[in-house]
Amino acid sequence: MTLAGGICSLALCYSGLGGVCLAMDRHYRQVCQRSASPMRTQTLRFGGWLFLALSLLACMRGSGASVGAVLWLGVLSTCAAAIVVMLAYTPRALGRSALIAAPIGALAFMVL
Amino acid sequence: MKNAFRQSMAWLHTYTGLLAGWVLYFMFLTGTLGYFDTEMDRWMRPERPLATAPVSFANSVDVAMRRLEQAAAGADQWFINPAVGRDNPDLRIFYRQPPDATGKPGGSTNELLDATTGKPVSYRETGGGQVLYQMHYELHYMPRAVAYWIVGVCAMFMLVALLTGIVVHKKIFKDFFTFRPGKQQRSWLDAHNVLSVVSLPFHLMITYSGLVFFVITYMPFIIEASYGAGAKNQQVYFDEATARQSDPGRAGVAAPLAAVDPMIAAAAQRWGAANLRSVDIRYPGDANARVSISRTTATPLRSTERLVFDGASGALIEVQGAVTSTPRAVRDVLLGLHEGLFAGAWLRWLYFFSGLIGTAMIGTGLVLWTVKRRTQQAKQQMPSASLVFVERLNAGTLIGLPIGIAAYFWANRLIPAALAGRAQWEVHSLFIAWALMLIHAHCRPRVRVWHEQLWVAAAAYLLLPIINTCTTQRHLGVTLLHADWVLAGFDLTLLAVGAAFALAAIKLRSRAVGAVRGKVSMRASAVENA
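Line by line, the protein sequences are chains A and B.
Heads up: the first sequence begins at 1 in the numbering used here, then just goes up one per residue.
Heads up: the second sequence begins at 1 in the numbering used here, then just goes up one per residue.
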């Protein structure tokens with residue numbers, strides 16, 4: 001797995017999990033201090049799961065199907081842990097970083 | 001009905017976790033460190049040259065063969081493992097002598113060779129990362145068979161704890177990202193839940209596959225039922241399971257070993273030169289000699305293709321496929337996932353972090369048990385004996401064992417390189433330091449124990465790179481300059497671990513000071529208002 005491929009799958013996974021997380025009302029309020037509209041919640045949830053699937057594809061593309069699947073589970077754990085810690089201590093930074101990671105991941109996915 | 005089921009699962013979760021918790025903590029910590037066992041081996045052998053131009057597989061085998069012909073002429077088995085990637089940083093050979101007249105198995109010897117000169121290396125005698133990792137399933141100071149059973153029972157308890165934990169965790173999806181710091185019991189529970197769920201696939205895999213390793217030890221009657229009792233019948237099963245031709249045994253007729261280079265070339269052509277792993281020679285110099293060449297693992301499937309050549313004629317007689325039966329392949333994938341030998345640098349670090357998360361899951365569970373009971377027993381005069389016992393054992397193990405592991409590295413640097421038996425003393429240092437921490441935890445006042453042990457741990461790890469600088473030529477000043485990232489990374493990780501312990505100690509102190517100040521001011525205001 002190249003460095004670029006690794007960053008791609010990490011960025012996609014982080015923003016995907018961030019989306020799934022923010023789709024939950026409790027966490028959205030922690031990050032943005034107000035509730036989200038139903039449309040936004042739907043978008044975040046759909047986008048989140050989509051990006052998670054893309055990060056799995058990125059891992060498999062970089063390392064083959066079997067190793068890629070194992071790699072993805074590890075990336076998932078790491079990103080989830082990072083999101084939990086950020087949500088507890090710096091919730092607004094979570095929103096911003098997920099927003100930055102999303103286009104980076106998507107771009108890297110299309111280019112690599 | 002549902003409530004009663006959940007309650008009994010909660011009880012089961014608590015007590016399987018509590019009874020096996022400390023052994024599981026030991027297993028998880030040593031196992032997690034085991035993902036960097038060969039890196040640890042390299043760090044613990046500072047006499048090893050820094051960076052060497054890689055020697056080709058064929059040349060390494062030639063060098064090894066010359067040494068084996070000289071040192072182990074009549075042996076039953078020669079095994080050559082050239083330096084292939086991180087799994088084997090040095091040229092390793094193994095040889096086993098034939099059994100003597102009474103049938104007692106012959107002695108076996110492991111040697112590390114210099115790949116250019118072919119002479120055994122003179123690194124300091126050390127167990128390295130291998131011994132630390134083996135303690136993960138062999139424990140220490142006990143026969144292997146006993147350890148396998150203890151480890152197996154604890155792994156079974158772990159599996160039960162995981163599954164009951166999933167059942168008991170009511171809001172497993174809703175609370176996936178929930179962690180509320182600063183709320184005592186609530187925070188410990190959140191931490192325990194988050195650590196478990198975030199890495200749940202890893203925890204389930206590692207526990208189940210861990211049990212699969214010794215499944216034949218735990219369930220021997222399955223083979224007996226079909227093949228009969230005794231080691232010979234077991235061997236029939238193994239031969240069938242691995243679908244390899246059974247060992248023909250010594251012919252007793254001398255025949256010179258055919259040249260190995262053409263065999264290596266044939267294997268390289270089949271798999272690619274970068275994928276050669278090892279050469280296994282049975283009965284060299286005998287008419288029934290066999291030379292097997294194995295391929296490296298690249299996927300979770302732990303078994304790989306092997307080419308078997310006739311040792312006397314050099315002809316290829318057998319190609320053992322990686323997959324011989326589906327059940328065996330399933331087993332080999334499970335074991336392969338557990339060991340993670342196929343993992344490259346990225347994945348290896350992810351395995352390591354997942355292992356640390358699992359270790360922390362166990363630790364937070366143990367602490368949660370005491371925090372909950374402290375709260376329940378706050379009104380009592382005397383806390384219960386079991387609570388005090390568990391609290392002290394927690395501190396002495398959760399912080400004491402990492403201190404012991406630091407002591408293992410301290411001993412590696414401080415025990416003189418030429419001292420006989422130093423490898424054993426390195427291991428003794430680990431257990432002596434851990435025992436001292438357990439005694440400390442027992443003797444010191446409860447409010448000071450964790451704080452003091454955290455500072456000892458911080459000092460133990462932060463000072464190690466300095467000890468390294470004073471005692472060897474493989475400290476950060478040298479390794480960073482030469483860009484030897486394995487050795488430099490090890491020292492940097494030690495610094496990071498020490499810093500983490502220091503941070504925890506500082507946070508604990510500020511909270512303890514805050515609590516004491518709060519109590520003092522409350523008492524002061526109570527006196528004023530009285």
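Don't take every hint at face value.
[Said to hold, decoys possible] Dumping the calculated EDC-like pairs for lysine to aspartate or glutamate here, alpha-carbon to alpha-carbon at most 20 Å:
no.	chain 1	residue 1	chain 2	residue 2
1	B	K232	B	D100
2	B	K170	A	D25
3	B	K174	A	D25
4	B	K174	B	D190
5	B	K171	A	D25
These aren't lab readings, by the way, just hints derived from the structure by calculation.
Just so you know, these numbers come straight off a predicted model, no measurement behind them.
- Message: Let me make sure I understand: some of the numbered hints might not hold for this structure. Which ones are they, in numerical order?
- Response: As far as the earlier hints go, not one is violated by this structure.
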